[in-house]
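Undergrad: Sequence:
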Amino acid sequence: MFRKPRDDEIDVFGLTHQGLVRPNNQDHFLIAHLRQRLDVRQSSLPEFSDLPVTEDRLASLMMVADGVGGGVKGEVASRAAVEELAQYITESVRCYYTADTGDTDFTRALEAGALKSHQAVVARGVAEPDHRGMATTLTLWIGVWPWCYLLQVGDSRYYQYRDGHLMQISRDQTMAQELLDSGVFAKAVAAENSPLSHILSSSLGGPQTAPVVKRLPNSWSTIHLLCSDGLTKHVSDERIAERLGAIKSAQQVCEDLLQDALDAGGTDNITITVGRPVAKEPA
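At position 220 of the sequence shown the residue is numbered 264 (the numbering used here), and the sequence of numbers has no breaks.
Any given hint could turn out to be false.
[What the hints assert, rightly or not] Just the calculated beta-carbon pair ranges, DEER-fashion:
id, residue 1, residue 2, range
1, R47, P67, 39 to 49 Å
2, P173, P251, 16 to 26 Å
3, D51, G208, 42 to 52 Å
4, E325, P90, 33 to 43 Å
5, E135, D100, 36 to 46 Å
6, G177, Q295, 15 to 25 Å
7, E325, E172, 52 to 62 Å
Hints in this document: simulated from the structure, not taken from any laboratory.
Being a predicted model, the structure only gives us computed values, none of them experimental.
For every residue, glycine included, the Cβ atom is placed at its ideal position computed from N, Cα and C.
Could you put the whole structure together from the sequences, leaning on the hints where they help?
TA: Okay, structure coming up:
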């Protein structure tokens, strides 16, 4: 099928949990449809509410941010980044009418949105001394049929599952990954076990931000998953693939993966969003 999925053919869900060790939750997520305005489906942010709209869906998006800085600082950073980028996308909605407007323009628009969010987090830290040093990851998936775009800063991940195979599309922006790429670490397992795997080489609000944008083909057979590292610290890619391969609904997969992470220790905040198209007969 080459047609764009209808609204009732999009199965999407997200959740966030503080885990079993952390005293608070520094993660935030947002799931929305993009029309003439932002139509929020679900979010951990209290200000957003569902907007009743009738316009044709131009795009869909999922966003995950994992705050850095400890205590309230991380929560404020991730919240500010998600709010700023959501506002930017809403105000710049004409950029998203169609992917035919040009891949370069679309990519630049997403990069500009990331930098605007970075500046907002930095400004918040400067204005409020208690928030100095805060930063956040941010991973955004936006679908403009038949393409999808990934915007990433930090180490919150984006996976695709298709035809029985799980693929990590994002690249962790950590010091350990940088050393692995440069050949200092000979194997990925060495990078994963290094303390440097928890030190970001790029973030929103931090000393360096390097947003990466990719364009990828989308399809009816692709399942999309975004998550914070609270999931991947405890749940292997093999287990994620197993869960997605047995999917009954996006909500069920998110809840099952959350339980897997909690059963394995739940040492960090855990945020998961899953989306996929499911074909239905026209009413």
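Undergrad: Work down the list of hints and note, for each, if the structure agrees.
TA: Cross-check of the supplied hints:
1. R47 - P67: 39 to 49 Å: holds, 48 Å
2. P173 - P251: 16 to 26 Å: Since the Cβ atoms of P173 and P251 sit about 18 Å apart, the hinted range of 16 to 26 Å holds.
3. D51 - G208: 42 to 52 Å: violated, 28 Å
4. E325 - P90: 33 to 43 Å: With a Cβ separation near 38 Å, E325 and P90 satisfy 33 to 43 Å, so the hint holds.
5. E135 - D100: 36 to 46 Å: 19 Å Cβ-Cβ, so the 36 to 46 Å window is violated.
6. G177 - Q295: 15 to 25 Å: violated, 36 Å
7. E325 - E172: 52 to 62 Å: holds, 53 Å
Hint compliance for this structure: hints 3, 5, 6 are broken, all remaining hints hold.
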